[in-house]
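*Asks:* This is what each chain is made of:
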Amino acid sequence: MGDNGKLVQIYFGPQHPGAPGNIGYKLWLDGERVVRAEVIPGFLHRGFEKMMENRTWEMNITLSYRFCVEDPDPLEIAYALAVEDLFGAEIPENAKYIRMIQAEFSRIASHMFWAHFIGGSTGLRTPAYWAVSAREEILKWFGWYAGHRIYHNISVPGGVRYTLPEGFIERTLRVLDFVEKTVRDVEKALIRNSVFKARTVGMGKLSTKEALELGVTGPVLRATGMPYDIRKARPYLNYDKVDFEVPTGSAGDSYDRCRVRFQEIYQSIKIIKESLSKLDPSEPFRIKLPIVAPAGEGIARVETARGEYVIHIVSTRGRQPYRVRLRSASMPLLTTVVNYIIENEEITIADFPVLLASLDPCAPDLDR
Amino acid sequence: MVLSTIKNAIKYMVKKPYTRQVPRKDKRYKSENLRGAHILYMDKCTGCSMCQRVCPAACIDMVVVEGDWPRNHRKRFPRIDHSKCTFCALCVEYCPFNALSMTDATGFELFTTDKSKTLKMPQELKPIGKETLTKQKLLSSYAPPYALKKFEKALEKSRKVSSSG
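Quick note, the sequences are listed as chains A and B, same order. For the first sequence, position 278 matches number 277 in numbering that gives the first Met the number 0, and the numbering has no gaps at all. For the second sequence, position 30 matches number 29 in numbering that gives the first Met the number 0, and the numbering has no gaps at all.
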């Protein structure tokens with residue numbers, strides 16, 4: 000309470016270093032405790048869904064990955080899969096494996112960036128910088144393979160744009176080795192640290208039932224103990240042909256979420272290594288799709304680093320979509336989950352950035 | 000305990016720094032597929048406006064360049080606004096005559112303090128770096144017979160036009 004017995008109002012973000020990107024919160028404080036939080040969205044609203052209605056099927060790829068800067072690849076894959084679903088096209092096997100490698104690399108890069116955020120929020124900046132070096136190595140790999148570091152433009156409706164450059168497998172394995180070593184170091188330094196445990200264990204708890212009611216997917220849901228992963232539940236690409244596990248937690252608190260994310264990185268490395276062995280450079284990587292799409296609908300569900308992502312496309316026979324609808328994974332994390340945890344737990348102002356970082360939301364994903 | 004953090008941190012203390020000093024002590028990281036500033040081959044361009052139509056950022060418009068252009072009777076060539084361009088290479092991919100390609104000049108190499116200089120006239124789209132991404136490279140991901148057929152067809156067409164013009 001303030002001096003006059005009223006709750007103190009403060010603004011958290013969008014410039015606050017603890018805020019997850021360009022998003023703000025209005026917080027009501029009772030002493031140190033946060034009693035109410037109101038999200039202030041809209042700083043990054045660009046109207047992508049509407050913009051996509053005015054561009055052709057091929058051109059929309061360059062918009063599709065901009066919904067989330069940290070984890071752009073599953074989004075471009077989702078759009079490409081939705082368009083292929085609409086056309087009823089079957090893409091070459093090579094393209095499926097390349098897309099899997101692309102998506103898993105993006106997941107690792109995103110989780111490594113998250114390790115940087117949570118390291119910063121808990122005051123452990125040293126391992127956070129190592130995590131960024133692993134992410135940097137992946138971005139360099141993307142720069143080498145696709146030509147750009149952040150927005151790669153690899154998956155297009157019909158397959159992938161690039162064939163295998165010389166030394167593709169060797170270089171990818173080299174990057175994976177570096178990433179694996181760094182991830183192990185970061186994990187040891189972060190997860191086993193007693194300061195980190197004191198800040199995260201038992202904080203921001205969610206049960207499976209509550210998580211499902213709030214519409215949560217991804218690592219936050221899996222940390223509650225439910226092994227729900229679209230890659231296993233409704234396999235897309237060739238995820239049913241590779242061997243991997245879905246790591247789960249038990250307590251559903253911030254610490255479990257961190258553990259699940261680190262375990263996911265090891266599973267992603269496993270998927271990439273298996274996909275590499277199945278590539279065949281003599282086979283095609285892409286098929287040509289017609290310019291005009293048939294009337295109908297296309298839908299794609301993919302597992303991003305933050306949860307389930309859905310793209311629904313409606314076509315009324317033409318060169319452009321009639322409507323593109325997205326379901327982002329960050330929407331419940333930033334709105335309902337934060338409010339639910341604040342209402343049911345004592346979250347102080349110092350815990351608030353750690354809570355946000357442990358949920359790992361993406362602000363552009365919410366605004367789009 | 001915090002010992003595991005300290006143990007790992009000591010390991011990293013003796014390691015060489017990961018970061019590099021660019022451009023003072025080290026070169027920029029470049030790759031064979033880098034999508035940078037465009038090259039326009041004005042002798043190949045027919046002014047068909049395909050690049051303008053396919054550009055998702057709407058940064059290409061067609062302008063008239065005076066001169067003797069046997070393949071381009073309307074004398075229309077693409078002008079690219081680098082301040083809008085996202086370097087997605089769709090113009091390179093969809094150009095029917097292989098007139099556009101990309102170089103490895105990006106980032107601070109394209110830096111300017113004068114905003115009007117970002118608007119690149121067709122004559123200014125010259126190779127300022129190594130040519131990296133070409134249409135031929137992008138076509139190679141299609142099924143080999145298709146890619147070859149399509150490429151040969153375009154090549155044949157360009158030969159015909161150049162011999163008649």
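A couple of the hints might just be wrong.
Label-pair distances were calculated between CB atoms; the ranges are [claimed, not checked]:
#, chain 1, residue 1, chain 2, residue 2, range
1, A, P164, B, K125, 43 to 53 Å
2, B, A8, A, E169, 25 to 35 Å
3, A, I39, B, K10, 55 to 65 Å
4, B, K24, A, V291, 47 to 57 Å
5, B, P16, A, R183, 17 to 27 Å
6, B, S82, A, I39, 56 to 66 Å
7, A, R183, B, T111, 40 to 50 Å
8, B, G106, A, E169, 51 to 61 Å
9, B, T112, A, E244, 37 to 47 Å
10, B, K10, A, V200, 39 to 49 Å
11, A, R45, B, T18, 28 to 38 Å
12, B, I127, A, V313, 27 to 37 Å
Here are the simulated DSSO-like pairs of lysine-lysine, each with C-alpha atoms no more than 27 Å apart in a straight line [stated by the list, open to error]:
#, chain 1, residue 1, chain 2, residue 2
13, B, K136, B, K119
14, A, K187, B, K6
15, A, K287, B, K136
In short, the hints are calculated from the structure, not lab data. Note that the Cβ used here is the ideal one computed from N, Cα and C, for glycine as well.
*Asks:* Now tell me, hint by hint, if it's right for this structure.
*Replies:* So, going through the hints one by one against the coordinates:
1. P164(A) with K125(B): 43 to 53 Å: Since the Cβ atoms of P164(A) and K125(B) sit about 26 Å apart, the hinted range of 43 to 53 Å is violated.
2. A8(B) with E169(A): 25 to 35 Å: Distance hint for A8(B), E169(A) holds at roughly 31 Å.
3. I39(A) with K10(B): 55 to 65 Å: 42 Å, violated
4. K24(B) with V291(A): 47 to 57 Å: 54 Å, holds
5. P16(B) with R183(A): 17 to 27 Å: 20 Å, holds
6. S82(B) with I39(A): 56 to 66 Å: 30 Å, violated
7. R183(A) with T111(B): 40 to 50 Å: 44 Å, holds
8. G106(B) with E169(A): 51 to 61 Å: Since G106(B) and E169(A) have Cβ atoms about 27 Å apart, the given range 51 to 61 Å is violated.
9. T112(B) with E244(A): 37 to 47 Å: Given a distance of about 54 Å, which is not inside 37 to 47 Å, the answer is violated.
10. K10(B) with V200(A): 39 to 49 Å: Given range 39 to 49 Å: violated, Cβ gap about 26 Å.
11. R45(A) with T18(B): 28 to 38 Å: 32 Å, holds
12. I127(B) with V313(A): 27 to 37 Å: Since I127(B) and V313(A) have Cβ atoms about 43 Å apart, the given range 27 to 37 Å is violated.
13. K136(B) with K119(B): 24 Å, holds
14. K187(A) with K6(B): 10 Å, holds
15. K287(A) with K136(B): 16 Å, holds
Of the numbered hints given earlier, the model fails hints 1, 3, 6, 8, 9, 10 and 12; all others are met.
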